[in-house]
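Novice: Here is what each chain is made of, one letter per residue.
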Amino acid sequence: MRYFFLVFAVLAAFLLGCAYKHSGPPSLVVPDAAVTGNAQGKDRSESLPVLERELQAGLPFDGVDEFDDLDEPEAEEEEVRISDPLVYWNKAMFHFNDKLYFWLLKPVATGYKAIVPETARIGVKNFFHNIAFPIRFTGCLLQAKGREATAEACRFMFNSFFGVGGFGNPAKNYPHLNPPEEDPGQAFGRWGIGNGFYIVWPVLGPSTLRDSAGLAANHFLNPVSYVEPARDSFAITGARVVNNSSLTLGDYEAFKKAAIDPYASMRNGYVQERKKKVEQ
Amino acid sequence: MTKRGMVLQRLPIIFAFISFILVSPALGSTALEAVETNVSAVLDVLRDPALKDDSAKEAKEKKLWSIADTMFDYPGLSKRTLGKNWETLNSKQQEEFTDLFSTHLGNVYLDRILAYSNEKVVFDKEKTKEDRALVNTRVLGPSKEIPVDYRMVLKDSGWKVYDVVIEGVSLVENYRSQFKEILRDKGPEYLLETLREKAGDKGR
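Residue numbers (the working numbering), protein chains in the order written: chain A, 1 to 280; chain B, 281 to 484.
Bound conformation, chain B alone (with noise of 0.2 Å):
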């Protein structure tokens, strides 16, 4: 066999090999596949029986703080929500609303989340450009259907939710027209004191 023969006969080896190469980065990391082990994750923990008493109350907390943690882009998620008024804020106090709107957030996300328990969650598609990334999820309840999209960052740790659009309805934009508000009328102490009270509700 001549050297030509050789190659041509390995080329579907080596386009092979190529490939994977080229797709395997892609392999368990997509945008998608992120919202669905994170999501499969949550669920898989509140439909956990040994979690459902309420004596693993803690535990399970624990546990769906953990993936909420791995899952959400918190800082970004809070300079997008206060958008322009982010700089109005001093360090301190970006820091401190960092922290208290992830919890209150999570609080949130993680209800409805709970609400949805005993249903079904369809991962429908994403569309990714460059580091963004938009995913559709439905949520199928007896009575009807709600879909739930999630925007995405990719960070050097993955791909992070920095929104959540349910039913249409941008949180990080209703918040942002909230916050607004009392930024404008109250000041940033007011905003920061409200948020003190929610995310005590419930607090980790």
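Chain A on its own, in the form it takes in the complex (with noise of 0.2 Å):
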């Protein structure tokens, strides 16, 4: 019991640490406000230039000036581009992965959807993101984003304490725990790591070459990767996978719809946001 006490003290130690860090008020998300986030960001803003400060002020951990694309047309039009000499290796295993969705993933998922409620199936999701903290709080160090690292920690306190084990997100309801999800990739990107070309593995889906080392990185900052014996953390992992699938089910199905080609809609959709991602 006295145990107890003290690892409580110590972590309402920590915990106030981190709300005295970010000394925002913990605004919920006010819904029709065009104000939501002022609060929040302004405490790493000394030492921006004026302008910029002026720009961030709105949201928190926002790194990006969207506002560039406004300045002129022509700017638009200049797409991210991508090589892609793999191209027949990847157009297969894009169909690969199609069918590995259509004649597994999904009736596994619908079978699983009928039969766990949501509510768990949400708590599932949030325990295996909760678990694979530390790829995202490596993400945040190795670009040296301390302010997000401490709110990656926070966070990760946070939801494994209140929100037991991490099936609870209360996290969620405080903006300043929630930066941007960073990971290796994304860091080296930073770095100026270019994207290499770009590469769709099978089951793992559409990367290139640079994700590809991120990928191997996040592998072993995951948790579940060192459970024994490795038919177990493979079990883990496809349960994690069915399970998320089950919340997303239709997205797919609704992306092939959009799309005129698809193999060239998901290969751009993977490299915008991977850039957007880096750029954050």
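Please keep in mind that the hints were generated in silico from the structure rather than gathered at the bench. All C-beta atoms, glycine included, are put in the ideal place defined by N, C-alpha and C. Check the hints yourself; a few may be wrong.
[What the hints assert, rightly or not] Short, incomplete list of chain A residues facing chain B, as computed with Cβ under 7 Å: (1) Ala120; (2) Ile122; (3) Gly123; (4) Leu247; (5) Lys256; (6) Ile260; (7) Asp261; (8) Ser265; (9) Asn268; (10) Gly269; (11) Gln272; (12) Glu273.
[Claimed, not checked] DSSO-like mimics (lysine-lysine), calculated; alpha carbons at most 30 Å apart, straight line: (13) Lys113(A) with Lys400(B); (14) Lys275(A) with Lys407(B); (15) Lys257(A) with Lys359(B); (16) Lys257(A) with Lys478(B); (17) Lys342(B) with Lys332(B); (18) Lys359(B) with Lys409(B); (19) Lys409(B) with Lys257(A).
Relying on the hints, combine the two individually framed chains into one complex.
Specialist: Next comes the structure, spelled out in structure tokens:
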């Protein structure tokens, strides 16, 4: 019992520390408000030039100035480009993953969805997200993003404790505990390493040469990888994929319906999304 | 009271009046408000119990399309999607492309919004520069939140959407990358044929 209080005291001190650092009120998400988030994001702004500070004042953790896009219409013509020397392999793997989804993942996830209530599935998703904390934390550290790293660590503590092992996500309501998610692949991008070329992995899906190195790093940073024997580790990963897919059923179908050329659409979508994340 | 005193006394009123004149054009016509009005209107239609029934499907789609028509800048959006390739189409092809692509994009957008109909949309903020604006919104789902940004341009008839950015992926840019390959490999007629099939799925 004494230990419990000790742990609680340490955690409380830690959390208070977090709260102090971020100083902004833990404002809940305010619907219909044009000013959401104005209270955050000011503590690191001292070191920034005035203009940047003004632009950043609106959002917590907003590093990108999307306003650049608005300057000249021509700027938007300059789309993200990616070389695709492995196009035949990639198309084959795209096809393989497509079938994997429709023939295996979708039926399994649909059955699972029918049995397990949504609340439980969201809990499992939260749990896996929470224990993958080292990936995001390292991603922050590799980019020297101290503030975001602290936020990640705080969220991990907060959700592990108050979210009962990470199944709950009480940190969701605190914008300053929800930094944009980082990973090693993004850090490599931040260091100036380019995408290399596009590659579609079986099962894992779209990636690039750089992000594949990131995926390898993710593997070593994910606690699930260290579960012995390896068979159990695979099973747990499989469970995560089925669980998370059960929450996004229909998304892939909608994507395919929207696309005129699904392969090209996915390639562009992947590269755009990663580019945005690297800039963030 | 002296004349000067009179003016001074009325200064606050005059000031308030002037500022009202300066501000009033902005009332009800910012980019953010335009998005909010249109998206809320779409959600209202989707949530309207009288329109939930299958028999009301046609009326519902008609309503949704009339909102979409006021919301999007179809010609700008189509031209932007083809980029440099716009010039390689003849004027008849351009016209047909605009028509087909806006139908398809409208379908895609309404499909996505339809999937979000039970979720809350938060209208966060806007950034405006001259006749362009970027509006940030978020769709709050039970298991995740999806950022949806609108790129807008100010036309005579108000703010119009020319691109939708979902989770960091610009739709216009995404389609441009697809069309570029099709136009390079197969030509405009093939692109139009593909679009005719796609848009025909659920045309208006």
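Novice: Decide, hint by hint, whether the structure agrees.
Specialist: Cross-check of the supplied hints:
A cut of 7 Å between beta carbons decides the hint on alanine 120(A): the least distance to chain B is about 12 Å, and the hint is violated. Residue-level restraint check for isoleucine 122(A) holds (minimum Cβ-Cβ distance to chain B is 5 Å; threshold 7 Å). Contact between glycine 123(A) and chain B, as hinted, is not supported at the beta carbon level, the nearest pair being about 10 Å apart and thus beyond 7 Å. Below 7 Å, beta-carbon pairs count as interface contacts, and leucine 247(A) has one with chain B at about 5 Å; its hint therefore holds.
Interface restraint check for lysine 256(A): the shortest CB-CB distance to chain B comes to about 11 Å, outside 7 Å, so the restraint is violated. A hinted interface residue such as isoleucine 260(A) counts as satisfied when its beta carbon comes closer than 7 Å to some beta carbon of chain B; here the least separation is about 5 Å, so the hint holds. With a least beta-carbon distance of about 4 Å to chain B, the hint placing aspartate 261(A) at the interface is held under the 7 Å criterion. This hint holds: serine 265(A) has a C-beta 5 Å from the nearest C-beta of chain B, less than the 7 Å allowed.
With a least beta-carbon distance of about 4 Å to chain B, the hint placing asparagine 268(A) at the interface is held under the 7 Å criterion. For glycine 269(A), the shortest C-beta to C-beta distance to chain B is roughly 5 Å, which falls under 7 Å, so the interface hint holds. Proximity of glutamine 272(A) to chain B holds as hinted, the smallest CB-CB distance being about 5 Å (cut-off 7 Å). The closest approach between the C-beta of glutamate 273(A) and any C-beta of chain B is roughly 5 Å, which is under the 7 Å cut-off, so the hint is satisfied.
Distance restraint check for lysine 113(A) and lysine 400(B): the Cα-Cα separation of roughly 23 Å lies within the 30 Å cut-off, and the hinted pair is therefore satisfied. Between lysine 275(A) and lysine 407(B) the CA atoms are separated by roughly 21 Å; this keeps the pair inside 30 Å, and the hint holds. The hinted pair formed by lysine 257(A) and lysine 359(B) meets the criterion: a straight-line CA distance of about 22 Å does not exceed 30 Å. Proposed proximity of lysine 257(A) and lysine 478(B) is supported: the alpha carbons are some 8 Å apart, at most 30 Å.
Restraint check for lysine 342(B) and lysine 332(B): the C-alpha separation of about 14 Å stays at or below 30 Å, so the hint holds. Restraint check for lysine 359(B) and lysine 409(B): satisfied, since their Cα atoms lie roughly 21 Å apart, inside the 30 Å limit. Proximity of lysine 409(B) to lysine 257(A) is assessed by CA-CA distance (about 34 Å); at most 30 Å being required, the pair is judged violated.
In this structure, the earlier hints numbered 1, 3, 5, 19 are contradicted, and the remaining ones agree with it.
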